[in-house]
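> Sequence:
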Amino acid sequence: MQLEMKELDALAKNLNLSKEEMLKESLKVFLERKLREIKTEMFKIRTKYGVSSVKEFEELYRKGEVEEKDTWQDLQRLDHLEFKKDELEKALRTL
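Quick note, the sequence shown lines up with residues 1 to 95 if you use the numbering used here.
Please note: incorrect hints may appear among the correct ones.
Said to hold, decoys possible - Lysine-lysine pairs mimicking DSS-like chemistry, simulated, CA-CA at most 27 Å apart:
# : residue 1 : residue 2
1 : K28       : K69
2 : K69       : K48
3 : K85       : K44
4 : K24       : K69
5 : K24       : K6
6 : K6        : K39
7 : K13       : K48
8 : K13       : K24
As the list claims (entries may be wrong) - Here are the simulated distance ranges between beta carbons:
#  : residue 1 : residue 2 : range
9  : R77       : A12       : 35 to 43 Å
10 : T94       : R36       : 27 to 35 Å
11 : W72       : L95       : 29 to 37 Å
Because the hints were derived from the structure by calculation, they are not lab data.
Note that beta-carbon positions come from the ideal geometry of N, C-alpha and C, so glycine has one too.
Please model the complete structure; the sequences and the hints are all you need to start from.
Below, the structure written as structure tokens:
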């Protein structure tokens, strides 16, 4: 779906909002949805290994409680998701 600027202007007018207000609110909703998706995926990985952070996951390696060969992708994914979560939260704070 591709919206033209005049369509955005008309939609904002119909909603009794400024175009900037409408775009800001839309971006906020989008970022919040992405944040929920990331938190859900993080929850699945954390639950699978009984950890609450990358640091705890790495501790399982140090203790020899998990095999690296079978779990390193989940560790990397969790680390990446934590980074993305932080970035999204930072972006939401600026709105």
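> Look at each hint and say if it fits the structure.
Taking the hints in turn, this is what the structure says about them:
1. K28 x K69: violated (39 Å)
2. K69 x K48: Judged against 27 Å, a Cα distance of about 16 Å means the pair holds.
3. K85 x K44: It holds: about 15 Å lies between the C-alpha atoms, which stays within 27 Å.
4. K24 x K69: Distance of about 44 Å is beyond 27 Å: violated.
5. K24 x K6: holds (17 Å)
6. K6 x K39: violated (36 Å)
7. K13 x K48: violated (48 Å)
8. K13 x K24: Holds, at roughly 15 Å.
9. R77 x A12: 35 to 43 Å: Roughly 39 Å apart at Cβ, these two residues keep to the hinted range, so it holds.
10. T94 x R36: 27 to 35 Å: Violated, at about 19 Å.
11. W72 x L95: 29 to 37 Å: holds (35 Å)
The structure fails to meet hints 1, 4, 6, 7, 10 from the earlier list, while all remaining hints are met.
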